[in-house]
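Those protein sequences? They're chains A and B, same order as listed. Just so we're aligned, residue 327 is where the first sequence starts under my numbering, counting upward by one. Just so we're aligned, residue 5 is where the second sequence starts under my numbering, counting upward by one.
Read the hints as simulated data drawn from the structure, not as lab findings. All values reported here derive from a predicted model rather than from experimental measurement. Cβ atoms here follow ideal geometry from the backbone N, Cα and C, with glycine treated the same way. Among the hints, a few may not be true.
As the list claims (entries may be wrong) - Computed list of lysine-lysine pairs in DSBU-like fashion (alpha-carbon distance at most 30 Å, straight line):
no., chain 1, residue 1, chain 2, residue 2
1, A, K392, B, K757
2, A, K389, B, K792
3, B, K460, A, K496
4, B, K757, A, K407
5, A, K341, A, K407
6, B, K682, B, K743
7, A, K436, B, K757
8, B, K88, B, K795
9, B, K428, B, K360
10, A, K341, B, K118
11, B, K253, B, K293
12, B, K460, B, K550
13, A, K436, B, K693
14, B, K707, B, K757
15, A, K436, B, K787
16, B, K792, A, K407
17, A, K392, B, K693
18, B, K460, A, K358
19, B, K757, B, K811
20, B, K792, A, K392
21, A, K378, B, K757
22, B, K757, B, K792
23, A, K378, B, K550
24, A, K341, B, K111
25, A, K436, B, K795
26, A, K342, B, K118
27, B, K428, A, K378
Said to hold, decoys possible - DEER-style ranges, computed between Cβ atoms:
no., chain 1, residue 1, chain 2, residue 2, range
28, A, G409, B, K369, 56 to 62 Å
29, A, A360, B, T81, 47 to 53 Å
30, B, M87, A, E411, 38 to 44 Å
31, A, P428, B, C107, 28 to 34 Å
32, A, K358, B, T741, 52 to 58 Å
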Amino acid sequence: MSFEPWQCAEVAATKKANPITKPEVVIALIKKAAHPVLVVGSNATERYMEEKLLIEYLIDFAKASKIPVVATAHMVGEFLKRGYEPAGYMSAMDIGNRLVDPEWQGIDGKGPHDLALFIGLPYYMESLILSGLKHFALDLKTITLDNLYHPHASWSFPNATLEEWSHNLKIMTSKFEGRQ
Amino acid sequence: MPSLTQQTKLKRLEENDIASKSSWSCSLLSRKEVHLKIGELKTDVGLVKNLEFSIGKMHEETWTEPMGPTPFPSLTTLREWDMKLLNRYKPFYLPDCDLCCLCTFGKCDLTAGKRGACGLDIAAQSSRIVLLACSIGAATHTAHARHVVDHLIEKYGHQHPIDVGGLNVKVEAPVTRLVTGTKPETLGDLEDVLEYCERQITHCLSAAHTGQEGNYLDFESKAFHAGMVDQVGMEVADIAQISALNFPKADPEAPLIQMGIGTVDTSKPVIMCIGHNVVPSVGIIDYMKENKLDDKMEVVGLCCTAFDNTRYYDRAKIVGPISWQLRFIRGGFADVVVLDEQCVRTDVSSEAERVKAPVIAASEKNCMGFRNRTNDPADEIVSDLVSGKTLGVLILDPEKVGEVAVKVARQIAPIRRKYSNLPKIGEIKKLAKKCRQCNMCQRSCPQDLGIPAALKAAADGSLTELADLYACCIGCGRCEEACPDKLPIHSFIVKAGERQMVEETNYCRAGRGAIQDVEIRNVGSPIVLGEIPGILAVVGCSNYPKGGKDVYEICREFANRRFIVVTSGCSAMSAGSYKNADGKTLYEEFSGEFAAGNVLNVGSCVANSHIAGAAIKVASIFAKRNLRGNYEEIADYIYNRVGAVGLAWGAYSQKAASIAAGFWRLGVPVLVGPHGSKYRRMLLGRADKKEEWEVYDARTGDKVNVGPAPEHLFQTVETPEEAMVAIAKLSMRPNDTWKGRSIKLSHYIDLHKRLYGTIPNDLDLFVRTQADVPVTMKDEITKILEAKEWKETVIPDPTLLPRLIRKKKE
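Next up, chain B with everything else stripped away, as it sits in the complex (with noise of 0.2 Å):
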């Protein structure tokens, strides 16, 4: 006898069924549905031999937008266009090894221009490495749109009609428009979407084989087709999980989420969710409301699971980024943890073990070496976490992982009363007594922090000093791994830090999601002209070299500059992780509108596809430019006119690699904090060669010279300040009317004689006429443009696509 569950999604997939097979009056079809294969067939007419045919996907043509000429582009499609970009941009590689190791040819040393034994070069080794971390990012985010797709699917059929904002947003998913030509409007047409993706990273993938691809600029040509397949398949994910799961669409006053560890209420049972799919979670929230126990437990989450938890459920709670893992597990605060998909700790298991908390992998990709009980009956699996017979389970049916995962937490945590794993005070006091002061703890710290002198402070009594490296730890525990006398070095400056850890109760904006239409209208010219100095998409993870607290004052300078910042994932909670001088959090300061000096949160990684969709729409909905299948035109487009700069001041994945390169193919500039630099290559541009930065006027066909802007495509800055007036300098773009262009040179000049101590030494290159220059500052920009022999040049109808010359030259 089925249970009541099962019951209930029988009764779904033969809806489900139902709703297919309808379809097919619609002249829609999901799927390749018919293939027919005749291999001699006689009739009166005639004899016919191997006929074959197959009846792949009919649309309904509704969308009267003409086809661009990119419809669905291949690894070469738009090769010329990344071409142009790479010539300007070139690629500077910082080698992280001196060997290949791919191939048992190797280990090959590529050494100063040796080549291996396939013949491929340092360059070529070093872009391959590029390629390899794209496709890896887009493939996990391909992977994870693919499996919401499949349960969305499932549980609420092919033609559950997508509707990411209502009547607010009509270009749903302009990414995939703009990239494949097609204009999704139900869960069903995104599998073909899907197809796509995944075909193409499979041909990017397989171009980093040995023996393939050799060419560096090759290799990063098809990094950047992976990253533009990667925002496809982001906004996938996206929009199917707001249209089924009723995420926020496109809200600017999505609800405030409670956040830090401080917010969560330990003396309920604790279900702690991390990872980036929310479909396991789901199961959770929804057995947990089924049976009225909302009020009576906390479901919290870790990464970017929690924001999606927050969308889907606003009385989730944020623990944090995804460097808390250690410290909320070792404090014993999760009573069960459940883990998805993507940035997880592989040692969970191991760690949630010393604090007694069942562990629940939830993912086909993360199965932590568990048993698969997904078939097993539901009181059974939860008897035997509760005594402790397993450690954990795997279940892929995200209904169950929900009524196990509360049934346990309910039944376990009058037993585990919140465990933990960290030491006594006075035992850190002992135990670091036994601190030999060898080092190895602070050289495998990627920080650097200075352990040993703390470790000797403790020994002598002070836990002031391990206490202060708590903000600046990223939780990797490579200190403990390090320790030849394994001491629980991270334990200790948690227990240390504790105070700060409890402390920590804040607000994060729940994920909004897309950006309106209306947004787009209101603010497309300020930001063409320039008037609105910029967009700054603040986003990735948490991998910082100081702490937080960088990219909410970075966040909180712009906003206060008129920027429209834009936070997603890792990076949009630790700006929320601050208050101001009256008590207010980021989003509390700042409403969540697409709109001028403000802070808004689109939400998890998968997320950051509005961000892209946002600058797509500036072309499409303001600017009026087709969109369909027409990528090489909006990206020209955006780089020439949209003053949009993405900061990843934490970035450490592959994932971050691709969304990076989806944001250079578009022509979107990106600054990586110093741990990025170990992405090992920069595409930097050279603001000294000034023949390097000619644009066509499409009015005249004339070249003209528009100076460095923006100056670099994706490069690593080291500290906040230098990120600052980065982030200002790169937000001009060739099209800025002379308004704009003073607005944005007030904002560079300011920051830079603030932050550097002096005026910027290139004002002449991006000054084009005397109406530039910023009113107040006349009297000293103009001797430095004296002194430079500066002449004044037009501001062009920018262009770096010929065929978008309007007046061809004789």
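Pulled out of the complex, with its shape left as it was, chain A reads as follows (with noise of 0.2 Å):
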């Protein structure tokens, strides 16, 4: 486990994401949060961990911690193929720029949202909306859940292979599921 950016050259960060040592503590900032959001990114249908899509494990996540969820790029497809349709989706672009709206009222209509979560974005640019929300969105806390260490996030998990990023969502889920 590494603390250190995924891309070697991602290191232009004077303020560093706090790290996630284990997964309850991304349990404890979610339910510390008013209005999370979870946005997914295109690499929810390329990651396969235990024979099991990454999209699937987002899925149960999802419905378990009722965390509205915005699909980037063609990824509401995947959801509805799945079963499940996602709050919205949008570009990765333009959820990145209402995000730093703090007049925007959130996917969902319900408010603005002050806890945002990442996942299954391109490494370099999920670094960079993180990086533009660090900057512009200052009431907004933000969260990778990758298995890649994002200096840029608030929170981050590190460098992990991918049993233990599949175990990680595991035990989330099942927190909000309130099996342990």
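Work from the hints to combine the two standalone chains into their complex.
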């Protein structure tokens, strides 16, 4: 486990993400948040863990946590295909741009989001969007649920293996389901 | 005793001198020829003190079109227009770095609202970086144009006429006419245009100095300015070379050119030209032809030089886009490597050394540390290069480049025998066992390719996994730099993918150059009314997220949807690098005419100006709007009426940034692939803010809400599926007739359903009247509109410019 940017050159952050050492930290942050949102990128159908696609883990997690999901790129179709309707879909840049607007009433119209969780975007794109939010969305906290350390997030998991990643996602889901 | 070539050159210079002098008689001076200063002059009439005057350019005025309000615009002339766009498409900044390191006050931490020692905040700093990128891009194209124009004037004279398409192209330089208000008729006329560009780029660059511009929107406006100037510079470069070097002149049937590593006849000596500036290549091709060696040698090109070589000589071949440099050199195919300018790997000399291929640097901008041998006898240079006494030379005389390159290639080819630097299969399997699985290769790979797993498989005896990386690898070589064991990973990938490499045998249409006036007349009406669903310009570099096939598939999708698909640069190569079920490349499958359902390659980077030119000519030729020095009005026309969209799926360079900026100012939206997010700033509209989408109806002066058409001016898209849906959506314009909007909506809905698995949730923003609704989807859409409490609105005569309102409100 390493809290270094996954892509070696992404080092230009003076304010670096707090390390998430165990999934319970994420649970606590989500429970503390008034209005979280989960942003899911196109790698959701590119990453396999234990013969299961990332998107399937995320559907389980979203259902358990009841966090509204914003699907980026063409992921909305992938969610719908699996019987889950995200709260909204738009380009990754659009959701980033809306999150910096303190007057935006959120993907579900229930008010501004105070916590945004990101997962499954191309690393460099996600890094840049997290940077934009760090600089311009001062009332927003960000968490990346990827298995790659993102210095521009408020909180990030370390670089981890697929096994560790799937374990973390399963733990988080089960905590919300009240199974653990 | 001067050589034959030198004698010819001297003779040409004399002719040029005569041509220059004769130009006086027709009152066309090319430079500030006369400057007179008199301190004190006593005459019979009186005393004159401190009289100073200079005679600059005097035009013989033959162009009767009235001058518009903004000829030769300065940094701020079009600021108001820029702000109209920037208030609608506000910047969303994605700082790549929290710091500013540009002056010795710094480094300054600008995180989350902090200001630096100079007072700048992160928004302004980010926009400053955008301005710098656009200025570098504009300077690069303009300097390229300057070199080409100076060289061609030296060779052909100031009076050589501009001719980009004979009688088929009367508006020969639409961008130049629009921006400067001048109509260049000769090569000499282009000098003044370039002087304007050079001045403006200097101003743009100076604004980025510490303690100059401080507002982010003003930085953005200046970036737009740099982009506009860039379009002029590009146009000058291309129309000069088309005119003087007899490139295809707006030819829809420009020849099909062999493309791909597999097309190169390696039994012959091979000269490989890399870069963008055709001038040294012309020297090579001319020498080869003069000495009847054209059947005995191969001249191949990489990146835009490849295109311009083939526009000059249709037996030249295109190896492929910029990212093919390492694989072609390491594969040992090239006997001599000739470098001109732009996008050249700066380590070419060391790479070429490993395969014993001499290098000739042929541009002042790119000397590579080589000794300048321009004034040495050609045979002496040849001898030094063939013997290995020197690995590379700088030669700034293109004719000498030609002689040396050809002679060296012929002499060294039998010695080199295509010496390759690629490892043997057995070596790969052996070396792969050294891999520690530290992941540094993958963590350094821009594509995040699964290299460690592929190396593990190689160590276990299978090269399939490495071969699978070949198509997605952009050839940067960062994996090798990162490897603690210095494994030649890129070479492993190339060797494993060797079969794919040598099977690359495709066709690309040579760059046709401008669009004919008659083609514009034929499509002007259906474009403006929306019946041709859009013009898709697929341009730029090859920094693709998953290989070039996405470019091919996007082009084919939209050609089949009867868009006009225009390509240029490395994207044009990628578009032609795949075949359909009948074994035909895109350029064989589709016609090269500027018409619905066709795919046409305009040419190299600088030929991008013809795409802007086509949009401008729709306003000028079809709609008969005054073009001359009338930027705002023409941009307003294009923005509201011409459904053009740019896609730079693999954009990587500063030039790509300035090209995009030129289109932004013209009101044309540009999409970039995921790596384009690294330009660090998007220009995004807010579809959810209805109040931001009003235009004036020029007929009445009423404000009309036209919806988010187009929604964004600059946006990164993540996947090809997203790109396709976005292209269809961004093609809508306020002026679309109901029939046109209905067609555009059909494409948008169809692609959305197919690729997103659902009907769009924003149709209420794009349906203006019931007639807009595609007939075959009426029931489905009507239900959606009812649920959203949609209300019908009018289709205006749209404009953002109050001065264009014909009937003012009381």
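Cross-check of the supplied hints:
1. Under the criterion of a C-alpha separation no larger than 30 Å, the hint pairing A:K392 with B:K757 is consistent with the structure, at around 27 Å.
2. For the given pair, A:K389 sits about 27 Å from B:K792 by alpha-carbon distance, which is consistent with the 30 Å threshold.
3. As the CA atoms of B:K460 and A:K496 are separated by approximately 29 Å, the hinted pair is consistent with the 30 Å bound.
4. This hinted pair checks out: B:K757 and A:K407 have alpha carbons roughly 12 Å apart, not beyond 30 Å.
5. Restraint check: the Cα-Cα separation between A:K341 and A:K407 comes to about 39 Å, which exceeds 30 Å; the hinted pair is violated.
6. Only pairs whose Cα atoms come within 30 Å are accepted, and B:K682 paired with B:K743 is rejected, the gap being roughly 39 Å.
7. Between A:K436 and B:K757 the alpha-carbon distance is near 28 Å, which keeps this suggested pair within the 30 Å criterion.
8. A hinted pair counts as satisfied when its Cα atoms are at most 30 Å apart, and B:K88 with B:K795 qualifies at roughly 27 Å.
9. Between the alpha carbons of B:K428 and B:K360 the distance comes to roughly 18 Å, so the proposed pair stays at or under 30 Å and holds.
10. Restraint check: the Cα-Cα separation between A:K341 and B:K118 comes to about 12 Å, which is no more than 30 Å; the hinted pair holds.
11. Straight-line distance between C-alpha atoms of B:K253 and B:K293 comes to about 22 Å, which keeps the hinted pair within the 30 Å bound.
12. For the proposed pair B:K460 and B:K550, the alpha carbon gap of about 22 Å is at most 30 Å, so the pair holds.
13. For the hint pairing A:K436 with B:K693, the CA-to-CA distance comes to about 17 Å; that is within 30 Å, so the pair holds.
14. For the proposed pair B:K707 and B:K757, the alpha carbon gap of about 33 Å is over 30 Å, so the pair is violated.
15. The straight-line distance between the Cα atoms of A:K436 and B:K787 is roughly 25 Å, inside the 30 Å bound, and the hint therefore holds.
16. With a C-alpha separation of about 25 Å, the suggested pair B:K792 and A:K407 falls inside the 30 Å cut-off, and the hint holds.
17. Simply put, A:K392 and B:K693 have alpha-carbon atoms about 27 Å apart, close enough for the 30 Å limit, and the pair holds.
18. Between B:K460 and A:K358, the direct Cα distance comes to roughly 44 Å. Violation of the 30 Å bound is thereby established for this hinted pair.
19. Of the pairs offered as hints, the one joining B:K757 and B:K811 is violated, with about 43 Å between alpha carbons and a cut-off of 30 Å exceeded.
20. A distance of roughly 26 Å separates the Cα atoms of B:K792 and A:K392; the hinted pair therefore holds under the 30 Å criterion.
21. The hinted pair formed by A:K378 and B:K757 meets the criterion: a straight-line CA distance of about 26 Å does not exceed 30 Å.
22. As the CA atoms of B:K757 and B:K792 are separated by approximately 19 Å, the hinted pair is consistent with the 30 Å bound.
23. For the hint linking A:K378 to B:K550, the alpha-carbon distance of about 23 Å falls within 30 Å, and the restraint holds.
24. With a C-alpha separation of about 15 Å, the suggested pair A:K341 and B:K111 falls inside the 30 Å cut-off, and the hint holds.
25. Between A:K436 and B:K795, the direct Cα distance comes to roughly 25 Å. Compliance with the 30 Å bound is thereby established for this hinted pair.
26. For the given pair, A:K342 sits about 16 Å from B:K118 by alpha-carbon distance, which is consistent with the 30 Å threshold.
27. Proximity of B:K428 to A:K378 is assessed by CA-CA distance (about 38 Å); at most 30 Å being required, the pair is judged violated.
28. Between A:G409 and B:K369 the beta carbon distance is about 58 Å. The supplied range of 56 to 62 Å therefore holds.
29. In this structure, A:A360 and B:T81 meet the distance hint of 47 to 53 Å, their C-beta atoms being roughly 49 Å apart.
30. Between B:M87 and A:E411, the C-beta spacing of about 40 Å keeps the proposed range 38 to 44 Å intact.
31. In this structure the hint that A:P428 and B:C107 lie 28 to 34 Å apart at CB holds, the actual value being about 32 Å.
32. A hinted range of 52 to 58 Å holds for the C-beta pair A:K358 and B:T741, which are about 54 Å apart.
Hints 5, 6, 14, 18, 19 and 27 from the list above are not met by this structure, while the remaining hints are.
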